[in-house]
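> As a plain string of letters, each chain reads:
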Amino acid sequence: EAAVTQSPRNKVTVTGGNVTLSCRQTNSHNYMYWYRQDTGHGLRLIHYSYGAGNLQIGDVPDGYKATRTTQEDFFLLLELASPSQTSLYFCASSDRQTEVFFGKGTRLTVV
Amino acid sequence: KTQVEQSPQSLVVRQGENCVLQCNYSVTPDNHLRWFKQDTGKGLVSLTVLVDQKDKTSNGRYSATLDKDAKHSTLHITATLLDDTATYICVVGDRGSALGRLHFGAGTQLIVIP
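Line by line, the protein sequences are chains E and R. Residues in the first sequence are numbered from 1 upward in steps of one, following our numbering. Residues in the second sequence are numbered from 1 upward in steps of one, following our numbering.
Hints listed in this document are in silico derivations from the structure and should not be mistaken for laboratory results. Since the model is a prediction, treat every value here as computed from it, not as a measurement. Careful: at least some of the hints might be erroneous.
[To be verified] Calculated lysine to aspartate or glutamate pairs in the EDC-like style (CA-CA distance at most 20 angstroms, straight line):
no.: 1; chain 1: R; residue 1: Lys71; chain 2: R; residue 2: Asp83
no.: 2; chain 1: E; residue 1: Lys104; chain 2: R; residue 2: Asp55
no.: 3; chain 1: E; residue 1: Lys104; chain 2: R; residue 2: Asp84
no.: 4; chain 1: E; residue 1: Lys104; chain 2: R; residue 2: Asp94
no.: 5; chain 1: R; residue 1: Lys42; chain 2: R; residue 2: Asp94
no.: 6; chain 1: R; residue 1: Lys54; chain 2: R; residue 2: Asp39
no.: 7; chain 1: R; residue 1: Lys56; chain 2: E; residue 2: Glu99
no.: 8; chain 1: R; residue 1: Lys42; chain 2: E; residue 2: Asp38
no.: 9; chain 1: E; residue 1: Lys104; chain 2: E; residue 2: Glu79
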C-alpha cells in the first residue's frame, strides 16, 4: 500500500524560529512535493524534487527551503518562521500525475 | 489567477438527500481531473479520476462526469450520510507525467445534517 508519512503532525513555533518538516515515502517514487493549504485557497506548491539531491522551485517558495536527502526523504525548512507561514502542509509523492499520494498533513502554527 | 473554480463554496443538505458539486477550470492542457475528499484538517482521499474527453465514473454513492470541451466536471453524491461531511476538492492535472502541475480548486465544504 502506498505510504507517505509526515512528521510532526502538529507544530507550534515562535516568530523567527527554525522549523523542519519531514516527509518519507515508501512508494519508490521519484517525485516528491511540498504544498501548503490555506482557507479559501487550493493547495499551493512550495517546492518539489525529482530525485535525491534535486530541488525545483514551486509557485510559493518565498521563505522556504527544501532538501531531498534520499529517494525516500524530503524536508521542508523554515529558517525564520513568520505568522504568514501558519498553515496546513502536505507532502506528496508520485511518478505519474494520475498516481499521486498525499501524507496526512502537518499543522504548523507560528505565534 | 485561479484556474480551477468550484461551486458552491459551501452546501448544507439533510441526510439521505442527493447533492451535486461543480468544478469549472481553465487549465490547458487538461490531461485528467480528480476529485478528493478531505475531512477537516486531515489528508486527501481520492474519490475518482476522469481522463477521457467526455468521461463518467462511478464509485459507490459517488459518481462524476467530465466534459473537456466545456472544461467542466460534476461530482454527484447520492443518499448522503453524516460521514460525507467534508471538503471536496477538484484537481486538474495538465500532464500525464509527474513533470506536469496539479491545479487545485479551493474546495466545496459539504455539511450533512440529520
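> Each hint should be assessed against the structure and marked as holding or not.
Verification of the supplied hints:
1. Lys71/R x Asp83/R: The given pair, whose Cα atoms are some 29 angstroms apart, is violated under the 20 angstroms limit.
2. Lys104/E x Asp55/R: Violated, at about 29 angstroms.
3. Lys104/E x Asp84/R: holds (18 angstroms)
4. Lys104/E x Asp94/R: violated (24 angstroms)
5. Lys42/R x Asp94/R: Distance ~25 angstroms between Lys42/R and Asp94/R Cα, so the pair is violated.
6. Lys54/R x Asp39/R: Violated. Lys54/R to Asp39/R sits at ~29 angstroms, over the 20 angstroms cutoff.
7. Lys56/R x Glu99/E: Within the cut-off at roughly 19 angstroms; holds.
8. Lys42/R x Asp38/E: Between Lys42/R and Asp38/E the Cα gap is close to 13 angstroms, so the pair holds against 20 angstroms.
9. Lys104/E x Glu79/E: violated (23 angstroms)
Checked against the numbered hints given earlier, the structure breaks hints 1, 2, 4, 5, 6 and 9 and satisfies all the rest.
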